[in-house]
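Enquirer: Here is how the chains run, residue by residue.
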Amino acid sequence: MHIKQSIINGLERTVHPQEQWEWPIAVYLYMAGLGAGAFAIGLLTDYILHPDIPSRAILLWGPILVTIGAPFLILDLGKKLRFINASLNPWTSWAGRGFLILSTLMITGLIVFGVNLLPSVLPLLNIEVPSWINPELTIYKVLEIIALVFSIGTAAYTGIFLKSTRYVGLWNTWFLPALFLISALSTGSMGIIIATMGYGVIADNSILRELSHELMPVEQILVLVEAVVLALYIFMRYRAQGSALKSVRLLLNGKYRFVFWAGIIGLGMLLPVILEFIYSRFPEYPVILFITGASLLTGGFFLRLGVVKSGMKELHPLHKMLVLQYDWKALDKPAYGQEKEVSHG
Amino acid sequence: MAKKILVIDTEKCTGCRKCELVCAVYHTGTTDPTRSRIKVLKWDHVGFYLPLSCQNCDHASCAEVCPSGACKKDAVLGVAIINQKVCIGCKSCVLACPFGVPTFDHVSGTSVKCDYCGGDPQCVPACEAGAIKYIYPDEIGISRRDELSRKLFSEKFS
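As they're listed, the protein sequences go chains V and B. Under our numbering, the first sequence has 293 at position 293, and the numbering climbs by one with no breaks. Under our numbering, the second sequence has 123 at position 123, and the numbering climbs by one with no breaks.
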């Protein structure tokens with residue numbers, strides 16, 4: 001088996017992770033997910049709890065992050081000025097569909113955020129609020145619903161975008177959109193918790209501080225679900241063999257093990273759970289909650305970064321055939337050191 | 001009617017990489033083989049060389065994932081061609097192709113791929129070993145049978 005193994009190892013050229021999509025894509029996916037998740041959680045919080053807060057804009061800032069993140073996709077393009085061309089083929093391309101989904105969320109979400117923010121900002125500038133800037137108008141309520149649907153779509157799309165490449169084993173599973181959707185909601189809920197607590201502390205508003213405490217169980221459940229989906233995702237990709245298996249090895253004990261264990265698991269899941277437990281004992285120190293939020297949000301970024309960077313393309317079909325061919329030939333040969341002695345006499 | 005395709009005979013390829021050079025000169029005007037549309041994978045220790053060019057897929061993944069619509073199947077040649085004036089350089093096609101044919105050209109900032117040189121692939125006459133052929137799909141079997149019979153004939157009467 002020595003010969004066989006040496007030949008096979010030789011044929012298995014070192015397969016490197018993909019280098020086409022780098023960190024700007026991870027930032028784009030992270031900001032889109034975080035912003036969309038924050039908007040969805042913020043709007044649902046408003047619909048379900050009806051909190052008596054100074055402005056609904058505290059809950060609806062998510063589209064700003066989506067808008068900040070979108071240029072990172074453009075940053076990764078070879079021809080940046082042609083970015084508008086990305087919308088020309090939404091029929092078969094998920095990148096094209098994503099352009100339209102994110103654009104819709106940005107436009108509708110920013111309008112909803114604006115009409116909720118301006119009535120509390122304009123009076124401070126001694127400007128009269130026009131009658132059409134009223135979040136209670138039907139048109140804005142319709143836009144809210146559209147933005148809510150597209151925010152959920154954006155959160156799931158970030159995973160579908162990677163999945164659509166098909167020949168990168170780590171990405172080619174429906175667990176990835178599910179994982180990114182759950183992660184978007186968990187980071188988004190933490191974003192809303194930080195925003196409400198931050199504004200509550202600055203403005204000394206107890207209602208906002210209470211609201212952040214009410215949202216914490218939701219965020220804890222989402223992190224738990226995220227951990228389960230992540231475990232399932234890693235397990236299923238490990239079993240998928242091929243490049244998916246190599247990518248998982250790269251994440252678990254290879255080049256990106258620090259990103260996985262320290263970033264995704266440590267900062268994204270374990271530390272927030274520990275800090276939230278400590279905060280539940282010492283609620284008079286909101287700084288613990290802010291550190292928790294920073295840790296969880298950083299972990300969310302590392303999740304995207306780890307998944308993007310460790311993606312690896314499948315072997316070329318002819319390359320696979322070649323390995324198989326030499327595998328068969330090697331089986332016919334005697335192992336090294338066990339060849340029959342050849343008489344020279 | 002079926003379109004002509006590039007057929008690679010890996011048993012004939014010597015790994016000289018002349019096809020890469022000719023391709024780079026034809027498409028970019030430079031002798032930089034990294035900008036070539038055809039790539040030769042080499043396993044020197046087992047003597048196996050694999051020139052990679054477009055496999056002319058019926059459902060071309062590169063065209064499906066292209067967000068700008070720059071990569072489309074050409075009706076005349078039957079091969080997917082990337083319009084360099086529309087391509088945004090997102091590299092989706094590079095990741096989507098199972099054969100690794102489209103590559104990202106760092107000089108032009110766009111993705112590039114084998115376009116059969118508009119119906120006259122330059123790598124075919126450049127390949128002295130005759131490992132690359134531009135033929136109709138149904139000629140593949142005929143040409144192999146023809147070569148086999150020639151070989152047997154020459155062995156018998158030489």
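Because the hints were derived from the structure by calculation, they are not lab data. Computed from a prediction, not measured in an experiment: that's the story for all the values here. Beta carbons are placed, not taken as given, at the ideal position from N, Cα and C, and that holds for glycine. Among these hints, one or two may not hold up.
[Stated by the list, open to error] Covered by chain B, per the in silico footprint, the following chain V stretches (three or more residues, Cβ under 8 Å):
| no. | segment |
| --- | --- |
| 1 | 75–85 |
| 2 | 125–136 |
| 3 | 158–167 |
| 4 | 252–266 |
[To be verified] Computed, partial: chain B to chain V, Cβ under 8 Å:
| no. | residue |
| --- | --- |
| 5 | 67 |
| 6 | 89 |
| 7 | 92 |
| 8 | 126 |
| 9 | 149 |
Enquirer: Quick check: the segment 125–136 of chain V, covered by chain B? Criterion 3+ residues, Cβ under 8 Å.
Expert: violated (count 0)
Enquirer: Holds or violated: is the Cβ of residue 67 (chain B) closer than 8 Å to a Cβ in chain V?
Expert: For residue 67 (chain B), the interface hint holds, since the closest Cβ of chain V sits about 4 Å away, which is under 8 Å.
Enquirer: Can you take a look at whether the segment 252–266 of chain V is actually covered by chain B? Rule is 3+ residues, C-beta closer than 8 Å.
Expert: n = 0 at 8 Å, threshold three: violated.
Enquirer: Can you tell me if the segment 75–85 of chain V counts as covered by chain B, using C-beta to C-beta distances under 8 Å and a minimum of three residues?
Expert: holds (count 7)
Enquirer: Holds or violated: is the Cβ of residue 92 (chain B) closer than 8 Å to a Cβ in chain V?
Expert: 6 Å, holds
Enquirer: Please check whether residue 126 (chain B) passes as an interface residue: C-beta within 8 Å of a C-beta belonging to chain V.
Expert: 21 Å, violated
Enquirer: Hold the hint about residue 89 (chain B) up to the distance rule: shortest CB distance to chain V must be less than 8 Å.
Expert: 2 Å, holds
Enquirer: Hey, does the residue 149 (chain B) contact hint survive, CB to chain V under 8 Å?
Expert: Nearest chain V Cβ about 25 Å off; hint violated.
Enquirer: Taking 8 Å as the Cβ threshold, is the statement that the segment 158–167 of chain V is covered by chain B upheld or broken by the three-residue rule?
Expert: holds (count 4)
Checked against the numbered hints given earlier, this structure breaks hints 2, 4, 8, 9; the rest are met.
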